[in-house]
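Make the full structure from the sequences, and use the hints.
Listed below, chain by chain, are the residues.
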Amino acid sequence: LAKTTQPISMDSYEGQEVNITCSHNNIATNDYITWYQQFPSQGPRFIIQGYKTKVTNEVASLFIPADRKSSTLSLPRVSLSDTAVYYCLVGPTGGFKTIFGAGTRLFVKA
Amino acid sequence: GAVVSQHPSWVICKSGTSVKIECRSLDFQATTMFWYRQFPKQSLMLMATSNEGSKATYEQGVEKDKFLINHASLTLSTLTVTSAHPEDSSFYICSALSQDNPIYNEQFFGPGTRLTVL
Numbered sequence: 001l002a003k004t005t006q007p008i009s010m011d012s013y014e015g016q017e018v019n020i021t022c023s024h025n026n027i028a029t030n031d032y033i034t035w036y037q038q039f040p041s042q043g044p045r046f047i048i049q050g051y052k053t054k055v056t057n058e059v060a061s062l063f064i065p066a067d068r069k070s071s072t073l074s075l076p077r078v079s080l081s082d083t084a085v086y087y088c089l090v091g092p093t094g095g096f097k098t099i100f101g102a103g104t105r106l107f108v109k110a
Numbered sequence: 111g112a113v114v115s116q117h118p119s120w121v122i123c124k125s126g127t128s129v130k131i132e133c134r135s136l137d138f139q140a141t142t143m144f145w146y147r148q149f150p151k152q153s154l155m156l157m158a159t160s161n162e163g164s165k166a167t168y169e170q171g172v173e174k175d176k177f178l179i180n181h182a183s184l185t186l187s188t189l190t191v192t193s194a195h196p197e198d199s200s201f202y203i204c205s206a207l208s209q210d211n212p213i214y215n216e217q218f219f220g221p222g223t224r225l226t227v228l
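Protein chains in written order, with our numbering: chain Y, 1 to 110; chain Z, 111 to 228.
Everything labelled a hint here was simulated from the structure, so no lab data went into it. Just so you know, not all the hints are guaranteed correct.
To be verified - With a cut-off of at most 25 Å between alpha-carbon atoms, the simulated DMTMM-like pairs for lysine to aspartate or glutamate come out as follows:
| hint | chain 1 | residue 1 | chain 2 | residue 2 |
| --- | --- | --- | --- | --- |
| 1 | Z | K165 | Z | E132 |
| 2 | Y | K54 | Z | E216 |
| 3 | Z | K151 | Y | E14 |
| 4 | Y | K97 | Z | E132 |
| 5 | Z | K174 | Z | E162 |
| 6 | Y | K97 | Z | D137 |
| 7 | Y | K97 | Z | D175 |
| 8 | Y | K109 | Y | D67 |
| 9 | Y | K3 | Y | E14 |
| 10 | Z | K124 | Z | E173 |
| 11 | Y | K97 | Z | E169 |
| 12 | Y | K109 | Z | D137 |
| 13 | Y | K69 | Z | E216 |
| 14 | Y | K97 | Z | E216 |
| 15 | Y | K3 | Z | E169 |
| 16 | Z | K151 | Y | D82 |
| 17 | Z | K151 | Y | D11 |
| 18 | Y | K97 | Z | E173 |
| 19 | Z | K151 | Z | D137 |
| 20 | Y | K52 | Z | E216 |
| 21 | Y | K3 | Y | D31 |
| 22 | Y | K3 | Z | E216 |
| 23 | Z | K176 | Z | E132 |
| 24 | Y | K97 | Z | E162 |
| 25 | Y | K54 | Y | D82 |
Here is the structure:
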């Protein structure tokens with residue numbers, strides 16, 4: 001399983017765009033990149049998943065360069081409620097187990 | 111859709127007792143469920159992979175005789191912490207995979223169970 005590296009923490013202000021980058025140098029050909037959000041004392045919540053290039057949904061965008069050795073989660077116009085821990089996970093499809101890294105603790109200030 | 115529940119949401123027990131935590135997929139069938147443990151300010155640590163109708167696969171360092179996992183149906187997996195001790199106090203989270211889910215490998219997580227052993 002590919003190991004992931006993320007910044008431990010980030011601070012931002014309301015209304016700003018936040019970009020969290022994840023490194024995964026050993027990503028395999030059949031690995032997908034998935035991001036989860038976790039609030040204190042809650043289970044993680046799926047945000048977005050991608051394989052290459054760019055993926056966008058109603059809450060975030062995911063940018064993946066051609067070499068796929070990193071990915072960037074982009075949160076547009078964050079609010080106080082976006083304060084959470086964000087995890088980048090890399091793994092194959094088909095129900096394989098997922099290993100969580102340390103995650104990035106995002107703190108949004110007013 | 112794709113809701114996973116856990117019961118209880120929190121439990122306090124005395125040292126030496128056993129505690130059972132249930133994980134249910136409410137609106138889909140889950141052939142594979144995962145159990146995680148999370149200590150304060152730390153990431154989720156995978157404990158075991160549970161497949162319906164077969165024995166669970168435990169991660170290295172996780173005692174299978176202490177953390178009993180049963181996945182008897184496609185919608186229910188249970189984790190029993192046997193002879194619990196204070197060091198077992200943690201936040202236990204389960205997740206489930208849906209084969210019908212168009213997003214591969216997306217895990218649907220339960221809300222977690224807070225276990226406190228006195």
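Hint check:
1. Z:K165 <-> Z:E132: holds, 17 Å
2. Y:K54 <-> Z:E216: Roughly 18 Å between the alpha carbons, so the hint for K54 (chain Y) and E216 (chain Z) holds.
3. Z:K151 <-> Y:E14: holds, 24 Å
4. Y:K97 <-> Z:E132: holds, 20 Å
5. Z:K174 <-> Z:E162: Since the Cα atoms of K174 (chain Z) and E162 (chain Z) sit roughly 17 Å apart, the hinted pair holds (cutoff 25 Å).
6. Y:K97 <-> Z:D137: holds, 22 Å
7. Y:K97 <-> Z:D175: holds, 21 Å
8. Y:K109 <-> Y:D67: Violated - the C-alpha atoms of D67 (chain Y) and K109 (chain Y) are around 34 Å apart, more than 25 Å.
9. Y:K3 <-> Y:E14: Cα-Cα ~31 Å, so violated.
10. Z:K124 <-> Z:E173: holds, 20 Å
11. Y:K97 <-> Z:E169: holds, 10 Å
12. Y:K109 <-> Z:D137: violated, 37 Å
13. Y:K69 <-> Z:E216: Measuring from Cα to Cα gives roughly 20 Å; hence the hint holds.
14. Y:K97 <-> Z:E216: Holds - the C-alpha atoms of E216 (chain Z) and K97 (chain Y) are around 11 Å apart, at most 25 Å.
15. Y:K3 <-> Z:E169: Within the cut-off at roughly 17 Å; holds.
16. Z:K151 <-> Y:D82: holds, 17 Å
17. Z:K151 <-> Y:D11: Cα-Cα ~17 Å, so holds.
18. Y:K97 <-> Z:E173: holds, 18 Å
19. Z:K151 <-> Z:D137: violated, 31 Å
20. Y:K52 <-> Z:E216: It holds: about 17 Å lies between the C-alpha atoms, which stays within 25 Å.
21. Y:K3 <-> Y:D31: holds, 12 Å
22. Y:K3 <-> Z:E216: holds, 18 Å
23. Z:K176 <-> Z:E132: Given pair K176 (chain Z), E132 (chain Z) holds - Cα atoms ~16 Å apart, limit 25 Å.
24. Y:K97 <-> Z:E162: holds, 15 Å
25. Y:K54 <-> Y:D82: holds, 21 Å
Violated hints, in rising order: 8, 9, 12, 19; the structure is consistent with all others.
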